Amino acid sequence: MNHGQQSGEAKHEDDAALTEFLASLMDYTPTIPDDLVEHYLAQSGFQCPDVRLIRLGAVATQKFVADVASDALQHCKARPAPVVKDKKQQKDKRLILTMEDLSKALREYCVNVKHPEYFADSPSTGIDPATREE
Amino acid sequence: MNKKRRRKARVNSEAPDDQSAAEFSFSLTRVAVSQICLSVGYTSTDTSSTLNTLTLITTKFLQSIAELAASFSNSANRTEANLFDIVNGLQDTALSTSDCFPGGSTLHNTESHCLIKSAVLRNLSDFVASAFEIPFAKPLPRLETSGSHGGDSTRMARSPEMRSFPAWLPPFPDSSLYLEPYTKERSDHLWENSDSVIGRETFVETSGVRSSGRLPLRRASVRFKMGRDCSNGGGSCKSDTRLERRRDDNDGEYGREFEAKKKIGEEYIYCADIDAGEWNM
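These protein sequence lines are chains A and B, in that order.
Start counting the first sequence at 1; every next residue gets the next number (full-length UniProt numbering).
Start counting the second sequence at 1; every next residue gets the next number (full-length UniProt numbering).
Note that these hints are calculated values from the structure, not bench results.
Computed from a predicted model, the values in this text were never measured in an experiment.
Note that CB positions come from ideal geometry on N, CA and C, so glycine has one too.
A portion of the hints provided could be inaccurate.
Stated by the list, open to error - A few chain A residues that face chain B, going by a derived Cβ cut-off under 8 Å, partial list only:
#: 1; residue: Ile-32
#: 2; residue: Phe-46
#: 3; residue: Val-65
#: 4; residue: Ala-69
To be verified - Simulated restraints, written as ranges between beta carbons of each label pair:
#: 5; chain 1: A; residue 1: Lys-77; chain 2: B; residue 2: Pro-141; range: 34 to 42 Å
#: 6; chain 1: A; residue 1: Met-26; chain 2: B; residue 2: Leu-169; range: 23 to 31 Å
#: 7; chain 1: B; residue 1: Gln-19; chain 2: A; residue 2: Gln-74; range: 33 to 41 Å
#: 8; chain 1: A; residue 1: Gln-74; chain 2: B; residue 2: Glu-133; range: 19 to 27 Å
#: 9; chain 1: A; residue 1: Ala-130; chain 2: B; residue 2: Ser-75; range: 54 to 62 Å
Throw the hints in and build the complete structure from the sequences for me.
Structure, rendered in structure tokens:
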């Protein structure tokens, strides 16, 4: 009996927390506009009249981009800094998003973004002639 | 060569709207992604391809969530997705990362159906509570689309006669687009009122109420004459000399048969009481 009451209370608390979270979504303005999110969701067949679910998708996307950008920033900061000649350059250190950092960050999210190291004219370019004949 | 150029021009003119809409939405997404990167701490990107790549991945992420949620709703015999569908979609998308793996089994628990125990929603709630709001750079004008109303809390109320149609179908177009207004006078254009019809006055009188071009079931026989008639305003009266020459040559049966098929001026003979079996020549 007590276990059932406790589970009921826990469920009530969880429901209250969920309701509070959905209500907070209406107060929070995501960076990606609702119309834009609605456009992309509708393109893929998602249809829902509730604005809170649209906001949920927008917040999830914003969090995803923020996590990827922060991981890339960590990779950028972890890179050893180059030798600075002028003091002015040291002060005005700008954090630049590079493809290298972005690809490292996206690898953790199972997204493969890789630059080819070089471009060849044909698949056999650069191969030893002896092995090419084989 | 000219035909090929014309074909290419036609192909290019057919899909500029779709391309422009996709480019517009992509550019808006790029602005939002750049704002998020600025909030994280970045000041610039090395090349435009980096930002474009991140923007493309953002759009793919959104579309993947939508596809998963739509598939969950469709497998439950629903067309509209609900919170359970989108949370399941987020859980499946986040399976690759170790942060959001815990709590996934509670989504499918038939006893509790508690969503907040999912790590995905917990992380999102923490993000909403802690992260600063970054509104979009410029306000977007809200366009009234005739398409789906997904996400619009103030849905257009359908009229009582339209309630039989499912709500997820797009609304009907404005009636002015498909209803033809009968405003212009058509008396000058009706063939019955032309000079080719002998006794048209009686025909008009007996017709009674104008039936907008429809023939009544019982009608008087119509007599009409064939020949050059330039009294009608507007149209040019061209006589087919070739046909007339033939008529002059063959005055016999061929001529009469041909006469029945001849076109008078620019007007065709539709039906002159053929049901009555009379051709009053």
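How the hints compare with the structure:
1. Ile-32: Status holds, d = 5 Å.
2. Phe-46: This interface hint holds because 4 Å falls under the 8 Å limit.
3. Val-65: 5 Å, holds
4. Ala-69: 4 Å, holds
5. A:Lys-77 to B:Pro-141: 34 to 42 Å: 40 Å, holds
6. A:Met-26 to B:Leu-169: 23 to 31 Å: 28 Å, holds
7. B:Gln-19 to A:Gln-74: 33 to 41 Å: 37 Å, holds
8. A:Gln-74 to B:Glu-133: 19 to 27 Å: 24 Å, holds
9. A:Ala-130 to B:Ser-75: 54 to 62 Å: 57 Å, holds
This entry satisfies every hint, going by the numbered hints stated previously.
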